[in-house]
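Position chain G against the provided structure of chain F, taking the given hints into account.
Read off the chains here:
Protein chains: 2
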Amino acid sequence: MGEIGRNCLVLEYQDNILVIDAGIMFPSDDMPGVDLVIPDFQYLVERRDRVRGIIITHGHEDHIGGLPYLLSEVKAPVYATPLTRGLIEAKLRSRGLRDTADLHTLRPGDEVDLGPFQVTPFHVNHSIPDAVGFAIRTPVGLVMHTGDFKIDHTPLDGRPMDLGELAVFSSEGVRLLLSDSTNAESAGYTASESQLEDTFQQIFGRAKGRIVVATFASLLSRVQLVIETAARFGRRVAVAGRSMEENVAIAEGLGYVRFPEGVRVPLHEIGSLPDERVCILATGSQGEPNAALARMAAGNFRSVTIREGDTVVLSAKAIPGNETAIYRNIDGLFMRGADVIYGEKAGIHVSGHAAQEELKTILNLLRPQHFVPVHGEYRMLHLHARMAHEMGIPQENTTILRNGLPLELDQRTAAVGERVDIETVFIDGSVVGDVGASILRDRVALAQDGFVVVRVAVDRASGQLLAGPEIATQGFVHAPTAASMLETAESAIADAVRGNGNGDSSLAAEDISRRVKRRLENLFYDETRRRPVVVPMVTYA
Amino acid sequence: MGEIGRNCLVLEYQDNILVIDAGIMFPSDDMPGVDLVIPDFQYLVERRDRVRGIIITHGHEDHIGGLPYLLSEVKAPVYATPLTRGLIEAKLRSRGLRDTADLHTLRPGDEVDLGPFQVTPFHVNHSIPDAVGFAIRTPVGLVMHTGDFKIDHTPLDGRPMDLGELAVFSSEGVRLLLSDSTNAESAGYTASESQLEDTFQQIFGRAKGRIVVATFASLLSRVQLVIETAARFGRRVAVAGRSMEENVAIAEGLGYVRFPEGVRVPLHEIGSLPDERVCILATGSQGEPNAALARMAAGNFRSVTIREGDTVVLSAKAIPGNETAIYRNIDGLFMRGADVIYGEKAGIHVSGHAAQEELKTILNLLRPQHFVPVHGEYRMLHLHARMAHEMGIPQENTTILRNGLPLELDQRTAAVGERVDIETVFIDGSVVGDVGASILRDRVALAQDGFVVVRVAVDRASGQLLAGPEIATQGFVHAPTAASMLETAESAIADAVRGNGNGDSSLAAEDISRRVKRRLENLFYDETRRRPVVVPMVTYA
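From first to last, the protein sequence lines are chains F and G. With numbering that gives the first Met the number 0, letter number 259 in the first sequence gets 258, and the count goes up by one each step, no holes. With numbering that gives the first Met the number 0, letter number 169 in the second sequence gets 168, and the count goes up by one each step, no holes.
Chain F extracted, bound-state conformation:
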């Protein structure tokens, strides 16, 4: 068993492969220009005939976003609960992949045999409905995978996790547990979604003007809570933002979101309603620059112009790295006169992931022989693993999987296997996988100090510079201010070519390039303490 990317887990038994989730990651600061990061499906592509099935825990992008890339190369059946399946269908349809995909609906309690793997989903609570974990009976024992979860005893949909059901699996003896580590840093318990009912009531009770609630488009229980609170306070609800519209439409079609009679209103009609009758559900809680909220904050969202009296609620947590963009929105909304309700202490968001005491509850309930913390940054996996040790699982029975290292289990033993070559695959624009570490390094360097391209023509016979060098530069210096330095650069280039050639035309273009490059890099650094990317173009004529 191993990971071929964040949220894409591979279980392998003889010639049989079971895939759990196929997610995408969002790029971090050090991946400029990258749109998405997907798992390295090459391992599966090379073994496509062995893939018995792809089982999906829930419908978040970081669990289903990689499916179009995987399914275009590996034709395996996909199993998911109704809402998850609905979201997958929409995604595949927009890529023209719906018709060729082999999708199956799976419900908690179902049993499905996929080669030697007998899979049973179990209901878990999470920030999207219809999330499941999996109990997977394998020839080497029972493998339990929690998926993303929290233990919510009072969820808004009235369906708490069934701990008794888990206890039954536990009685079979759990060979291996894989458990969500996202909130392994958080002490105690994650609050119940129902705790938000009171806060939203207060906010709606107090607001005099329009109310805008921004949240994740996939956080459908939150969406439902906002709809119900709005209805209770006599407000009608409009939806702003494409992904929110799409998700609400899918969820409404499947019965996961319900608008009471007369509550829904098209966005373009809110202008005809009194302010105190308006509630807008918006995308953009992470500061995404093109989402509805950012456009409202910048004053260029056509349907809604934020003004004095509006209340904007940011019902979401900042995903690390998004803080600057989120704060820019908050500043903009305040400047336009809105009251903005945001921040952890405002009580307008609860996490969808289990905190330490819940994780311990699962570890205690399932008492696995082996433990693999999944879903989280290294520090979270580490803390989750430490928790397991403290609860009596021996250190040698806990494995943090990374960098393509698989865990090999047989009837009795477990060991870390041989490393599988896994690359991170970047998607930039329409091209998959051509951007690698060296292009990213170049981009990071270009962002720092720009570039200088110098074109140098050398006479093949004499080795002398033909005419003056030509320079193109951007992002480096303010050209008028730096005119004299750029002139110096031109004579430095001439020097570099002359000093090199001395009439000896046998020197290769690469030697001249290297010399010009070094000379210019030194000159620019001495003059400005900057290090632009210097690219010489040397031609012989």
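Don't read these hints as lab results, they were simulated from the structure. Hints are all accurate, no fakes.
Derived lysine-lysine pairs resembling DSS-like cross-links, with alpha carbons at most 25 Å apart: (1) F:Lys344 to G:Lys344; (2) F:Lys316 to F:Lys359; (3) F:Lys359 to G:Lys344; (4) G:Lys316 to F:Lys316; (5) F:Lys344 to G:Lys316; (6) G:Lys344 to G:Lys207.
Restraint-style ranges between C-beta atoms, simulated for each label pair: (7) G:Gly298 to F:Asp494: 39 to 47 Å; (8) G:Arg517 to F:Arg257: 47 to 55 Å; (9) G:Glu164 to F:Pro319: 38 to 46 Å; (10) F:Arg257 to G:Gly298: 54 to 62 Å; (11) F:Asp28 to G:Val262: 36 to 44 Å.
Beta carbons: idealized from backbone N, C-alpha and C, even for Gly.
Just chain G, lined up with the frame of chain F:
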């Protein structure tokens, strides 16, 4: 009165100017390559003869970092408390400006006349010793400036803020209050620095191996707490990181940091001590890539190799934008086997800024006629202003200063004056102010998709392309993969030139440039959905 940059406030009365603080800002995500942001001192340079003095609240970079730039153009006397002065001296000395600077020591309670301004500093608590606020008697009334502050009734140095002293100023009638807004988002009170004593005792009591504490080099009360706790547990203390060494040396010289006899140990000698006798104070709590902690986390800090059994304490808050780098360090330290103690809930850091109830205490104590919230992002200023309204200060008497708008007070009235032209001044490398918005836009674009430079030589007589175009590109595509597209680009360029020229050589090089640029931008976008920066170099021969 107005701001000419974050933390550089200008008070003006007739031909007299008083400057409060001269800080720097650290660049945000959208300022790639920028090292520092300083206030636009041009306003002061043009009025240099009027500047009666520069008064400094405390020794943090964001309050003194701009002084070398200001003093090299404006020769005005600088007034600061002993530690602040010591830090300023070190800064000026390293720039060769110490001898020409006119520095004066000022202590709480002193009175100094600077033209029409009578300045009296008052002691405040903050995360660096010797911080003050200012009471400034002016011809239009008493102006109070809190500086950066918190109200700590039990600070570790035994010197709480003297609220009674403030009450005396209050009895004179406060015309204008300027107050620190950094924590205006935080409800309640900021915890006392002394609350950390217990947590550090617990950590030191539990740790078996070496202890590394990373914190801000300027957080000298924290440094002193670590030294004292280490001494109590029989550990010796080494200092790692240049800024920490410098600050500790200055503070020790002035008596603000004290090492008990035999506690200090040079970093290179810790190897000869048993692990349980070692404590290291390190820089790098914000993830700075060249600081001691980052190098320890990456395994390339020569003096300290992190290993199983070490405990690393991150005694600092993440400044927004630094999260990714900080988490990378934490991951690295865990991977090397250290126990890492971090995060808000660990109780190892308290803020140096007043929270809402403290801000209200000051507002209530001073009951100013006018109020200007200072020091904070717009949302914090906004919340602080709202607090003032809620406490009875009329909305029209509260002003948020920004974008060069000054506040004008006379004996009776107050009004926002005419905008002063203030630019943000960026420092990149050794050059001050040449990097502007357009260079930053270029850098951001280069980071996204790299660049393509094409050199096109056109025959002056015929308007025909002379030889094939030459292309240099970086950060855009993987060249081998994209070879055929780059070939297509070459023929597109030839087309663009031909289609343009048609033998008509009267077309200017700019027209050809524009055509080639547009043609290539479209081609690259169609093929890759990327938008590299395209720079044509067109020459006639």
